[in-house]
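Protein chains: 4
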Amino acid sequence: MAENNNQPLYYSDYLQLERLLGSQSPKSAEHGRPAHDETLFIIVHQVFELWFKQILHELDSVLALFKGNYVDEKQISVVVSRLLRVSEIQKLINEQFRIIETMTPLDFLEFRGLLAPASGFQSVQFRLIENKLGLRPERRMLFDKNAYTTHVSPEHEKIILQSEAEPSLLQLIERWLERTPFLDFNGFNFWLSYRQAVARMLQFEREKIAGNPAIAAEEKHKLEESLAANVESFNALFDEASHRQLTDKGKRQLSYKAMQAALLIQLYRDEPILHLPYRLLTALVEIDELFTTWRYKHALMVHRMIGNKTGTGGSAGYHYLKATVDKHKLFADLFNLSTFLIPRSELPELPEEIRRNLGFYYSAK
Amino acid sequence: MAENNNQPLYYSDYLQLERLLGSQSPKSAEHGRPAHDETLFIIVHQVFELWFKQILHELDSVLALFKGNYVDEKQISVVVSRLLRVSEIQKLINEQFRIIETMTPLDFLEFRGLLAPASGFQSVQFRLIENKLGLRPERRMLFDKNAYTTHVSPEHEKIILQSEAEPSLLQLIERWLERTPFLDFNGFNFWLSYRQAVARMLQFEREKIAGNPAIAAEEKHKLEESLAANVESFNALFDEASHRQLTDKGKRQLSYKAMQAALLIQLYRDEPILHLPYRLLTALVEIDELFTTWRYKHALMVHRMIGNKTGTGGSAGYHYLKATVDKHKLFADLFNLSTFLIPRSELPELPEEIRRNLGFYYSAK
Amino acid sequence: MAENNNQPLYYSDYLQLERLLGSQSPKSAEHGRPAHDETLFIIVHQVFELWFKQILHELDSVLALFKGNYVDEKQISVVVSRLLRVSEIQKLINEQFRIIETMTPLDFLEFRGLLAPASGFQSVQFRLIENKLGLRPERRMLFDKNAYTTHVSPEHEKIILQSEAEPSLLQLIERWLERTPFLDFNGFNFWLSYRQAVARMLQFEREKIAGNPAIAAEEKHKLEESLAANVESFNALFDEASHRQLTDKGKRQLSYKAMQAALLIQLYRDEPILHLPYRLLTALVEIDELFTTWRYKHALMVHRMIGNKTGTGGSAGYHYLKATVDKHKLFADLFNLSTFLIPRSELPELPEEIRRNLGFYYSAK
Amino acid sequence: MAENNNQPLYYSDYLQLERLLGSQSPKSAEHGRPAHDETLFIIVHQVFELWFKQILHELDSVLALFKGNYVDEKQISVVVSRLLRVSEIQKLINEQFRIIETMTPLDFLEFRGLLAPASGFQSVQFRLIENKLGLRPERRMLFDKNAYTTHVSPEHEKIILQSEAEPSLLQLIERWLERTPFLDFNGFNFWLSYRQAVARMLQFEREKIAGNPAIAAEEKHKLEESLAANVESFNALFDEASHRQLTDKGKRQLSYKAMQAALLIQLYRDEPILHLPYRLLTALVEIDELFTTWRYKHALMVHRMIGNKTGTGGSAGYHYLKATVDKHKLFADLFNLSTFLIPRSELPELPEEIRRNLGFYYSAK
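Order-wise, the sequence lines are chains A, B, C and D.
Per our numbering, the first sequence starts with residue 1, numbered consecutively.
Per our numbering, the second sequence starts with residue 1, numbered consecutively.
Per our numbering, the third sequence starts with residue 1, numbered consecutively.
Per our numbering, the fourth sequence starts with residue 1, numbered consecutively.
Among the clues, some could well be false.
Because identical chains share one entry, a pair is satisfied inside a single copy or across any pair of copies.
[Said to hold, decoys possible] In silico EDC-like cross-links for lysine to aspartate or glutamate, where the CA-CA straight-line distance does not exceed 16 angstroms:
hint, residue 1, residue 2
1, K222, E164
2, K53, E18
3, K322, E289
4, K251, D326
5, K67, E205
6, K74, E349
7, K257, E205
Derived from the structure by calculation, the hints contain no laboratory data.
Construct the complete structure from the given sequences, taking the supplied hints into account.
The following block contains the structure:
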C-alpha cells in the first residue's frame with residue numbers, strides 16, 4: 001500500500017471541506033437583505049444532491065454487473081446489498097422533508113422571489129436516476145405539454161437524453177428474468193400444476209359466492225364482478241395474447257416470460273437457491289415504493305410552502321408533482337404479483353431431484 | 001392518598017395482562033391448520049385499536065375543553081400538548097405498517113380465507129375518530145354506494161351515528177376562531193393594511209410577467225393564468241360572497257370569519273400572545289397530514305397483501321382506500337393558508353399599544 | 001375450509017376488542033382523583049406487553065426449529081425472516097418511548113404515588129425474552145443484591161426459572177455453528193491460509209509503526225500497546241487455551257469452535273451458500289443492539305420522569321437500568337468479529353471444486 | 001427586488017453543484033485499487049459536515065440574539081424555533097448511521113488503511129458546536145492524555161480555541177435565567193410556599209416508609225437511604241452553600257439563582273407567559289439528549305466497523321467515544337429538574353393580580 005505522498009492525510013482535505021462548506025451563497029445576502037433560512041434551503045437541497053450522487057454510484061455499479069451476458073449468484077448478492085443501500089438512503093431522504101418543514105411559508109417568502117426561475121425541476125441527477133431505473137420518456141407526465149427536459153441547460157439535456165438511450169435497470173432485470181433457468185424443468189411441469197391450483201382456487205371462490213344465501217343480490221353482483229376481474233388477470237398470465245393487450249394499454253411493463261419467472265421466484269422463494277433472486281425483486285419493489293413516497297412528500301412539502309401557486313420554475317407546482325406520484329412507478333408488475341399468489345399449501349412441491357440439480361447448476365456454473 | 005386495599009399493587013394486575021395476553025385466538029388454529037403469522041396479524045390490529053382508544057381519550061378531553069363558552073389560554077396550552085400527543089401516536093402507528101409488511105402475501109393466504117367477511121372497515125373506533133375530528137357523512141366516499149356504517153353491527157352503528165351528531169373538533173375550532181378578539185382593533189385597521197400589501201404584491205407579479213422580454217409568449221400565458229387563479233383565491237378572502245361560492249362547491253370548509261382569524265394567527269404568530277393559537281392550528285394540520293399518510297400507507301399495505309383483489313369484507317380494497325386518502329382531509333383550509341401569506345417584511349406592524357392591550361386582555365380575562 | 005359456525009366473523013369479535021379496550025382501569029380514578037395521563041401510561045405498557053408476546057411467539061418458533069438435530073437451509077430462511085420481524089418490532093417499540101415522553105414528570109406525579117410497589121421490573125415476558133435469548137442468571141446485574149425474580153409472584157417466578165432451564169437461542173446457535181461443515185475441507189486448509197494472512201497483516205502494521213519517523217515516541221508507544229492488544233485477540237482465536245482464559249474471565253461467550261465457524265461465515269459470506277447463515281448472524285447482532293438501545297432509552301425515560309429518585313418498585317431506578325445496558329448484551333462475540341476481519345483481497349479463495357461440493361451438499365441434504 | 005444580473009438563475013448554479021458533486025476523490029482510486037464503498041464513506045461524512053454547518057448557522061444566530069442585554073419574548077419564539085430545527089437535524093443525522101452501516105467491516109478494510117491518520121476526531125465543526133453549546137475544555141475527556149485539539153492543524157486549532165473564549169449558550173442561558181423577573185414577586189412568596197410543599201411531601205414519604213409493616217428491615221433501610229439522597233438534593237436547592245459544594249464537585253453546572261428560575265419555569269409552565277421559556281428549556285434538554293444519542297451511535301458504529309482496534313487517527317476508538325457519551329452532557333441540570341417537581345395539585349397557585357402583572361410586564365416591555 002503505497003502512500004500517496006509524504007503529507008499525512010488530513011480529515012478536512014480528504015473530504016474537501018473547504019470547497020464543500022464554502023459552496024453556500026444565499027441570494028438574499030447578495031441582494032442585501034439576508035434571509036436567515038436561505039442557508040437551510042440551500043443545504044437541504046445540496047444534501048439531497050449528494051445522496052442522489054450516491055444513489056447513482058450504486059445504480060451504475062448494478063447496471064454494470066447486469067450488462068454482461070452472465071450474472072452469477074455471487075454477483076446477485078452484491079447487487080442486492082447495493083440496492084438495499086439505495087433504499088436505506090431513500091428512507092433517510094424521505095425523513096429529510098421534516099427539516100425543510102421547519103422553515104415556515106412566511107420565512108420562505110423572504111427569499112423565494114429571488115430564486116425564480118431556478119427550480120428543483122432542473123435537477124439533472126434526479127432525472128438520471130429515473131431514467132436509469134427505467135422511466136421511459138413516453139410514460140412521463142407532460143410538463144405543461146413540454147418535455148421533462150424543457151428547463152435544463154443544453155449540456156444537461158444531452159446528459160439526460162443519453163441516459164434514456166442506455167439499457168435501464170428495468171430492461172436488464174427483465175432480460176435476467178427471461179433467462180432464468182427455472183421456467184422449464186424437464187420431467188416436471190409445475191407451470192401446469194400452478195394453473196390447476198389457480199383454477200381450483202377460482203372455482204372455490206365462485207362457489208362460495210354462489211352458495212352463500214346470506215349475501216344480498218346487489219353485493220353478490222359486486223363480488224362476481226371482482227371475481228371476473230381476477231379471472232381476467234390470471235388469463236393474462238396464462239395467455240400471451242392477453243398479456244400483450246395489457247402491455248399495449250400500458251398496464252404491464254414486463255414481458256410475458258419475465259412475469260412468469262418473477263412469479264415463480266415469488267412462489268418458491270423459500271428454496272435456498274431462489275432466496276437471493278427473491279430478495280432482488282423485493283429490493284426493487286421497495287425502491288419503487290420509496291420513490292413514490294418521496295414524490296408524495298415532495299408534493300406535500302411544495303403545497304405547504306407555496307399553497308396552490310405555481311413553483312419558482314413556473315411549474316404547475318403541487319398538482320403536477322402530485323400527479324407523478326403514481327404515474328412514475330416502474331416496478332408495478334412486481335408489486336402486483338401478489339394478485340397471482342396461491343396459498344403455500346396449494347403449491348406443487350418441487351421434486352427432490354430437481355431441487356438438487358438446480359442447486360448444483362447454480363453454484364457450479 | 002388512601003391505599004385502595006391492603007394488597008400491594010402488582011404490575012400484571014394493574015395492566016390486566018392475563019386478559020390482554022389471553023385475547024389472541026387465531027382462526028387458523030381453530031380450523032386445525034395453525035398459521036404462524038396469524039398471531040402477528042391479530043396483535044398488529046389490537047395494537048392499532050389500543051392506540052385508537054388513546055387517541056379518542058385525547059380527542060374527547062380536547063372537545064370537552066372547547067365545548068364551554070370560554071377557552072382561556074392556559075387551556076389552549078393543554079389542548080396543544082394533547083393534540084401533539086395524538087400526532088406522536090400517529091407517527092408511531094404510521095411506522096407500524098413496517099411490521100405487518102414482514103408478513104408476506106403468501107403467508108397471509110394461509111389464513112386470509114378464514115377471516116371473511118370480517119374487515120378493518122368495521123373498526124368502530126376509527127370511525128369515531130374521523131367523526132369527532134369533523135368528517136361529515138356527506139363528504140365521505142361512498143362504499144360501494146353504501147353508507148360507511150353498512151358492515152357494522154346495529155349497536156356499533158348507533159355509537160357511530162351518535163358521534164356524527166355531536167359538535168366536532170372542526171366545528172369547535174371554527175367557533176373558537178370566529179370569536180377571536182383580534183379581528184377588529186379599534187383605531188388600527190390591519191385588515192385593510194393586509195389587503196393593500198396583497199394588492200401591491202399581485203401588482204408586482206403582474207408587472208414582472210409583463211415586463212420580462214425573456215419569457216416566451218406561451219409561457220407568459222401560463223403565468224398569467226396562474227396569477228389569475230391567485231387573484232381569485234384572494235378575492236374569496238376579501239369577499240364573503242366569493243367565499244360562500246367556494247364553500248358551496250366544497251372547496252372551503254371554514255366560515256369566512258374563521259378563515260380570516262386563522263390567517264391573522266398565521267401572519268402574526270410571532271406575537272407571544274398568538275404563539276399558542278398558532279401552535280394549535282399547526283397541530284391540527286399535522287394530525288390531518290398524518291391521517292392522510294396513514295390512509296396512504298394502509299392502502300399500499302392492502303395492495304401489497306392482496307393485489308387488486310377485493311378485501312375480506314368484500315370491499316373494493318385498494319382502490320377504495322386509495323380514493324379516501326385525499327378526500328377525507330379535514331383541515332385543508334388551514335393547510336392552504338400558505339396561499340395567502342405575504343412576506344413578513346410587507347406585514348403591517350401592530351402598534352405597541354394594541355399589542356399591550358391584547359396581551360393584557362388575554363392574560364387578565 | 002370449514003366455516004367455524006354459521007355466524008359471519010366480525011372484526012370486533014375476532015380481535016376481542018371488548019375485552020381489550022375494557023382493560024384499562026386507572027388507579028387515580030379509583031381513588032377519586034382521575035389523572036388524565038394515567039390512561040396513556042397504561043396503554044403504553046399494554047402495547048409493550050403485546051409486542052413482547054409477539055416477540056416470544058417468534059422466538060419460540062425459532063427455538064423449536066433449532067432444537068432438532070438437523071437444520072436445513074430452507075429452515076434458516078424461515079428463521080432469518082422471523083428474527084428480522086423481531087427486530088422490526090424492536091425498532092418500533094424503541095420509537096414508542098417518544099410517546100410516553102409526551103407525559104411530563106409533573107403529570108406523572110399526579111398518579112405515580114398510587115402505583116407503588118408495582119413496577120416494570122415485574123414484567124414476566126421481558127424476563128422470558130432475555131432468558132430465551134440466552135441471558136444467564138449469573139451474568140445479570142444484581143438487583144439490590146437480590147435475584148432478578150425478587151419482586152414477581154411465585155407463579156411468575158416459576159415460569160421465569162423454567163425458561164432459564166431450557167436451551168436458549170445463544171446455546172442453540174453455538175451448537176449449530178459448531179456443527180457447520182465448513183470448518184474442515186479435505187484438501188484445502190484455509191484456516192492455515194487465514195492465519196498466514198493475519199500474520200502478514202500484523203507484521204505490516206508493526207513495520208508501519210516502527211518505520212515511521214513522523215510519529216512521536218509517546219504516540220509510538222501507544223500504537224504499540226494497541227497492536228499488542230490486537231495480537232492477543234488473534235492469539236485467542238488461534239489458540240484454544242487462550243480462548244478458554246477469555247471465556248473464564250467472561251470476555252467470550254461462544255465456544256472456540258463456534259467462534260471460528262462464525263468468523264468463516266463472515267469472511268466468506270459472499271458465497272451463495274453462506275448467504276443465509278450470514279444473514280442469521282447479522283440478525284442476531286441486530287436484535288442484541290436493538291435491545292441495548294431499548295434498555296438505554298428505558299433508562300433515559302425513567303431518569304426524565306423521576307430524576308434520581310428510586311422507582312415505584314423501590315428499585316434503584318435509573319442507575320440500575322443504565323448499568324444493564326451494556327452488561328446484558330448477549331451476542332457480543334458476533335458483534336466483535338470485525339476485530340478479526342482481514343481485507344477481502346487478502347482472503348484465500350475457495351477452490352472451485354470445494355465451492356461446488358459445498359453447494360451440492362447443502363442443497364441436496 | 002433587483003435582479004442580480006440578467007442571467008436567469010439556474011438550479012445547478014444556485015446550489016454550486018459542479019463543485020459539490022466534484023468534491024469526492026476516493027483514495028483507493030488514487031492508489032489504483034478503487035474500492036466501491038469509499039464514495040459512500042466520503043459522502044456520508046460530507047453530509048454530516050453540511051448539517052454541522054447548518055447547526056452552527058442556527059447556534060450562531062441564537063447566540064447573537066442572547067448576547068444583547070435584553071431578550072424580548074418575541075425573540076424567544078425565534079430562538080425556540082431555531083433550536084427545534086437543530087434537534088430535527090440531529091434526529092436525521094442520528095438515523096444516518098443506518099446508511100454507513102450498509103458498508104460492512106470487510107468492505108471498509110479495502111480502503112481503511114489508506115486513510116490514516118485522518119480521523120473524524122479532526123472535525124473542526126463538531127468541536128465548534130460543542131464549544132458554542134458550552135462544553136468546557138476542563139470537562140472534556142482527555143484524549144490519550146492530550147488536549148482535544150491535538151490532531152488538528154494550527155489554523156483549525158486557533159478557530160477552536162477562539163470558540164472556547166466566547167460566551168457559550170450554556171452561559172447565556174444561565175444569565176438569562178438569572179435575570180428572569182419571576183423570582184421575586186412583591187407580596188407573594190411562592191418560593192416559601194414551594195419549600196413548604198416539599199417539606200410536606202418529604203414528611204409524607206418518611207411516614208409512609210416508617211409506618212408500613214409490610215416492608216422488610218433491609219428494604220426499609222434502602223428506602224431510607226434513597227429518601228436521604230432526595231433530602232440532600234432538595235437542600236442544595238434551598239441552601240446556596242450546599243449548591244456550591246455540588247458545583248465544586250462538578251455535579252451542578254448552573255448557578256444557584258439560575259437553577260431556581262429554571263425550576264419555577266418548569267413548575268408554572270402552564271402560565272401562558274412561561275410557555276415559551278418552558279419550550280426553550282425543553283429544546284435545550286432535547287438537543288443535549290440527541291447529541292448523547294449521536295455519540296452513542298457513533299461509538300457503536302466505530303465498534304462495528306473496527307472492533308476493538310484503534311481508530312485511523314490512532315485514537316482509542318470505541319472506548320474513548322463511549323466514555324464521552326455521558327461525560328459530555330451539558331444541560332444535565334435542566335434534565336435533572338424532574339427530581340424537584342412536586343405534584344401540580346400541591347403547587348401554590350399564583351394570585352390573579354400577579355399573573356396579570358406578569359402578563360402585562362412581559363408583553364409591554
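Verification of the hints:
In this assembly of identical chains, the alpha carbons of K222 and E164 never lie at most 16 angstroms apart, being 43 angstroms within a copy and 28 angstroms across copies at closest. Taking identical chains as interchangeable, the C-alpha atoms of K53 and E18 lie at most 16 angstroms apart only when they sit on different chains, with a minimum of 12 angstroms there against 19 angstroms within one chain. Taking the shortest alpha-carbon separations for K322 and E289, both the intra-copy value of 15 angstroms and the inter-copy value of 15 angstroms come in at or below 16 angstroms. Taking the shortest alpha-carbon separations for K251 and D326, only the intra-copy value of 13 angstroms comes in at or below 16 angstroms, while the best inter-copy value is 24 angstroms.
Taking identical chains as interchangeable, the C-alpha atoms of K67 and E205 are never at most 16 angstroms apart, the minima being 44 angstroms within one chain and 39 angstroms between chains. In this assembly of identical chains, the alpha carbons of K74 and E349 lie at most 16 angstroms apart only when taken from different copies (13 angstroms versus 26 angstroms within one copy). When the C-alpha separation of K257 and E205 is checked against a cutoff of 16 angstroms, the pair qualifies neither within a copy, at 27 angstroms, nor between copies, at 54 angstroms.
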